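Engineer: Line by line, the protein sequences are chains A, B and C.
The first sequence lines up with residues 14 to 114 when you count with this note's numbering.
The second sequence lines up with residues 12 to 181 when you count with this note's numbering.
The third sequence lines up with residues 22 to 626 when you count with this note's numbering.
No wet-lab data here; the hints were simulated from the structure.
Possibly wrong hints are sitting among the right ones.
Said to hold, decoys possible - Each computed EDC-like pair below joins lysine to aspartate or glutamate, with the alpha-carbon atoms no more than 16 Å apart:
id, chain 1, residue 1, chain 2, residue 2
1, C, Lys177, C, Asp127
2, B, Lys139, A, Asp71
3, B, Lys139, A, Glu70
4, C, Lys315, C, Glu368
5, B, Lys95, A, Asp107
6, C, Lys185, C, Asp555
7, C, Lys185, C, Asp551
8, C, Lys186, C, Asp551
All of these numbers come straight from a predicted model, not from anything done at the bench.
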Amino acid sequence: MTPSLDSYVMLSAALFAIGFLGVLVRRNTLVIYMCLELMLVAATLALVAFSRFNGTEDGDVFVFFILTVAAAEVAVGLAIIVALFRARQTVQVDQLDSLKH
Amino acid sequence: MEHLAFTCLSVFSLACALGVVLSKNAVNGAMCLLLCLAGVAGLFVQLHAYLLAFVLVLVYAGAVVALFLFIIMLLDMQGGTPWKFRGLNAAAGFVAALLLVTGLNLLAVRGHLEAGPPIGHSVGSSLKLYSYQLFTTYLLPVQIIGFLLLIAMLGVIVLSRRVPQPEDAK
Amino acid sequence: MSPLSTALLVLLAPLASAVLIALFLRTRGTAASVVSVAAASFVALGALVLAFGGERFTSSLEWFRLGSFAIELGVKFDDLAALMLSIVGVVGLCVHVFSLGYMHDDSAKARFFGGLSIFMFSMIGIVLADNLFMMFIFWELVGFSSYFLINHYCHKQSAADASKKAFIVNRVGDFGFVLGIILCYWKNGTVNLTELGAGHALVYSRLVPLLLFCGAVGKSAQLPLQVWLPDAMEGPTPVSALIHAATMVAAGIYMLCRIHVLMVPPAMTVIAWVGTLTALYSALCAVTQRDIKKVLAYSTLSQLGYMVAAFGLGSVSASMFHLTTHAFFKALLFLGSGSVIVGCHHEQDIFRMGGLRARMPVTFWTFTVAVAAIAGLPGLAGFFSKDAILVLAFGSNKAVFAVLALTAVLTAFYMLRLWKIVFLGSARSEEAGHAHESGVSITAPLVLLAVLSVAGGYTAIYHGAFNGVFSGVPEAEGLTHYFVLATSLTVLLLGAGLALAFYATDGKDALEERAPGAFGFLVALRASFDGAYDYYVAKIQQRVAMALNFLDLVVLSGVLIRGFSGAVEILGFGVRTLHTGRINHYVYWFLGGVVLLWAFAAGIL
Numbered sequence: 014m015t016p017s018l019d020s021y022v023m024l025s026a027a028l029f030a031i032g033f034l035g036v037l038v039r040r041n042t043l044v045i046y047m048c049l050e051l052m053l054v055a056a057t058l059a060l061v062a063f064s065r066f067n068g069t070e071d072g073d074v075f076v077f078f079i080l081t082v083a084a085a086e087v088a089v090g091l092a093i094i095v096a097l098f099r100a101r102q103t104v105q106v107d108q109l110d111s112l113k114h
Numbered sequence: 012m013e014h015l016a017f018t019c020l021s022v023f024s025l026a027c028a029l030g031v032v033l034s035k036n037a038v039n040g041a042m043c044l045l046l047c048l049a050g051v052a053g054l055f056v057q058l059h060a061y062l063l064a065f066v067l068v069l070v071y072a073g074a075v076v077a078l079f080l081f082i083i084m085l086l087d088m089q090g091g092t093p094w095k096f097r098g099l100n101a102a103a104g105f106v107a108a109l110l111l112v113t114g115l116n117l118l119a120v121r122g123h124l125e126a127g128p129p130i131g132h133s134v135g136s137s138l139k140l141y142s143y144q145l146f147t148t149y150l151l152p153v154q155i156i157g158f159l160l161l162i163a164m165l166g167v168i169v170l171s172r173r174v175p176q177p178e179d180a181k
Numbered sequence: 022m023s024p025l026s027t028a029l030l031v032l033l034a035p036l037a038s039a040v041l042i043a044l045f046l047r048t049r050g051t052a053a054s055v056v057s058v059a060a061a062s063f064v065a066l067g068a069l070v071l072a073f074g075g076e077r078f079t080s081s082l083e084w085f086r087l088g089s090f091a092i093e094l095g096v097k098f099d100d101l102a103a104l105m106l107s108i109v110g111v112v113g114l115c116v117h118v119f120s121l122g123y124m125h126d127d128s129a130k131a132r133f134f135g136g137l138s139i140f141m142f143s144m145i146g147i148v149l150a151d152n153l154f155m156m157f158i159f160w161e162l163v164g165f166s167s168y169f170l171i172n173h174y175c176h177k178q179s180a181a182d183a184s185k186k187a188f189i190v191n192r193v194g195d196f197g198f199v200l201g202i203i204l205c206y207w208k209n210g211t212v213n214l215t216e217l218g219a220g221h222a223l224v225y226s227r228l229v230p231l232l233l234f235c236g237a238v239g240k241s242a243q244l245p246l247q248v249w250l251p252d253a254m255e256g257p258t259p260v261s262a263l264i265h266a267a268t269m270v271a272a273g274i275y276m277l278c279r280i281h282v283l284m285v286p287p288a289m290t291v292i293a294w295v296g297t298l299t300a301l302y303s304a305l306c307a308v309t310q311r312d313i314k315k316v317l318a319y320s321t322l323s324q325l326g327y328m329v330a331a332f333g334l335g336s337v338s339a340s341m342f343h344l345t346t347h348a349f350f351k352a353l354l355f356l357g358s359g360s361v362i363v364g365c366h367h368e369q370d371i372f373r374m375g376g377l378r379a380r381m382p383v384t385f386w387t388f389t390v391a392v393a394a395i396a397g398l399p400g401l402a403g404f405f406s407k408d409a410i411l412v413l414a415f416g417s418n419k420a421v422f423a424v425l426a427l428t429a430v431l432t433a434f435y436m437l438r439l440w441k442i443v444f445l446g447s448a449r450s451e452e453a454g455h456a457h458e459s460g461v462s463i464t465a466p467l468v469l470l471a472v473l474s475v476a477g478g479y480t481a482i483y484h485g486a487f488n489g490v491f492s493g494v495p496e497a498e499g500l501t502h503y504f505v506l507a508t509s510l511t512v513l514l515l516g517a518g519l520a521l522a523f524y525a526t527d528g529k530d531a532l533e534e535r536a537p538g539a540f541g542f543l544v545a546l547r548a549s550f551d552g553a554y555d556y557y558v559a560k561i562q563q564r565v566a567m568a569l570n571f572l573d574l575v576v577l578s579g580v581l582i583r584g585f586s587g588a589v590e591i592l593g594f595g596v597r598t599l600h601t602g603r604i605n606h607y608v609y610w611f612l613g614g615v616v617l618l619w620a621f622a623a624g625i626l
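The following block holds chain A by itself, in its conformation from the complex (with noise of 0.2 Å):
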């Protein structure tokens, strides 16, 4: 007997929410970063769950697409923050308030 769909939706709110919390308390860019990613395979497992139990691949294949994208955002984030590093020697983000008025 399988875990309802149930189950693996609140499962992946749950990854979800914890990635967010994360994204709101934690200090560190790379740290940030990575509650992010946390998120979107939060996101996949919905995806997956989803297309099992609807019997379409639909689901899998957009993991894939996800799957990319991730890779490429991380890539080009951190080259952002390597940047940032080089700039501003810190990467905390309390630091990095030049926007502030």
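Following the hints, put chains B and C in place on chain A, whose structure we already have.
Structural biologist: What follows is chains B and C alone, placed relative to chain A:
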């Protein structure tokens, strides 16, 4: 049996996720992320998406987290005051996360998701099936993704260029 | 050529002359003077042709329209307009010719003649106007011309001040005038003089004629707005003759005669008394003056008071008759004084003249004719017109009659005083000793005006051209006739005799010597109006202005405008604090947005 596997894997994933969020050391966080991804891969397997589980571990855990670790090491952070999960900030974040989880679940409940058993036989991770879809229905997104990757590559090259200092010219 | 085109040419010729002078002849004084005199001759000729040609007409053209409100420009040429136009034309021509000689050595001749031309244009506009709006436009233009010409000697501070005073005091009167026009339009639906006079039901009110009279109070210098006329003598003498004696100040009387259909008895009483009191007051002021032009200015004020009183007593004809004769002899008096002034090398104090009888004979004899006319010597023009007014007063209001008779005594008194001190005796200064008659351009107009001063009173010479105006001139019968005649002769002899006996030709003012108390009283009386206005402006008006300034600066600019901008600034400051620059905070906002959307989707909001 499946239920037990599901429970173990889900608890494991959640714990590691919390570890990512609450760990003081960034490297520890990256390790926790790795383990979390492993847990999720297990869940994928349980959902009969074997190829995806494999791809997840390969691409995400293998490449992305490795890259993260690489950058963490590169940036050589000495870290100022160690961060602790307490205070108004943390409380507000906790409340916000709770809100989010509740909202999402309510959505699921109200949306009357069919809680019926999985339909038909499992599709299985037939590579042939996926590639057929990729090259017919989802051809356009594939092309666009290719473009996106190209742009990302260019972007990374541009961003990581060192600005030539006046001393370098000598 | 049709009368309408003649009238329009008469109106536009001086304008063309002024424009020509302003554009091309600014530095060429002689050429400007020729152009201006040519325009004036054309005007005089045209006026006489129109007046004695017998054609009377009206014509109008719509200028602009706003819905149901339209302003028209038009010509109303009836007997009244014909008479006024002839006076303006003839006297204007005399003054222009006189100016050729008088202003010969002036450095700004072109400006002067340009001003004269503009004035002629404006005055003819008033005369020919067929509705009150058009009249008001030209009214203001005339005020401007007066300002321009009084300020001819612009490097003198007193001339600048006098021109400003004239314009501002006129403006006060014009304010009432405009209110009157608007009220008339509102009540009657029209300001066209023909339509107003057409006899259909007018809405009579006491306010409209009194407000319109305010315009006359300003323009014709009645009490309490008479203060500008004596100061206006700062302008050159030809200007004083043309504008401030014969024509512009008479425009107020002319306007009153035009609107006489709107008059009601209470308003007429007010008008009559204002005129009478002006006449008396000015005559009292004239007794103590040393400057020859100031004496004549106060005399003008007094005679204008007569005209206004005559109108107020109910007779347009008597008023216009006196205006006609007054134009002739007052212009003659001013031009004569101009001749005296230029003969004595620009000396204006009468106590430094004397003995000019032998040295300037033409001036002397023409001036004598004028003095006789104004004093009321029987047979001359002034006698007939003044007599008519006294008859009218005797019939309507005995109190007014008494005051006017007293004023006549004073008139004879100060005019004979002037005449004696200026011309008789021996020269009291070197310039007077070397005085000589000026050229023909100065003496010819004097002679012409002298002839008119004599003959102007006999209405027969007009060959019935102005019957519409002169037919109503009051004539008395029987006992009244003899009584008024006796009164006229008595006042003449009394005033003249007293003056000739009292004043000696020794260079000192006998009144000042022998009755310093009375002299001082008269001087204070003269200065009282100016003093009152000074007090009002300095104490009351200035304080109100400062209060308004405070209101404007503190309340409007400070509290309201800066207050609003300050409130917006504070709001902006509040919003700015939301920009912390920290990503964590922005994510909270993001979550907030999502919650909001959820609420919308769930139907809660």
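Engineer: Take the hints in turn and mark each one as holding or not.
Structural biologist: Verification of the supplied hints:
1. Using a Cα cut-off of 16 Å, the hinted pair Lys177/C and Asp127/C holds, with the two alpha carbons roughly 15 Å apart.
2. Only pairs whose Cα atoms come within 16 Å are accepted, and Lys139/B paired with Asp71/A is accepted, the gap being roughly 14 Å.
3. Taking the CA atoms of Lys139/B and Glu70/A, the gap is near 11 Å; set against the 16 Å cutoff, the hint holds.
4. In summary, the hint linking Lys315/C to Glu368/C is supported, as the alpha carbons are separated by about 13 Å, within the 16 Å threshold.
5. Pair hint Lys95/B plus Asp107/A holds up; C-alpha atoms about 15 Å apart against a cutoff of 16 Å.
6. Restraint check for Lys185/C and Asp555/C: the C-alpha separation of about 15 Å stays at or below 16 Å, so the hint holds.
7. For the suggested pair Lys185/C and Asp551/C, the alpha carbons sit about 14 Å apart, so the restraint of at most 16 Å is met.
8. Distance check on the hinted pair: Lys186/C and Asp551/C sit about 11 Å apart at the alpha-carbon level, within 16 Å; holds.
Violated hints are absent here; each numbered hint is respected by the structure.
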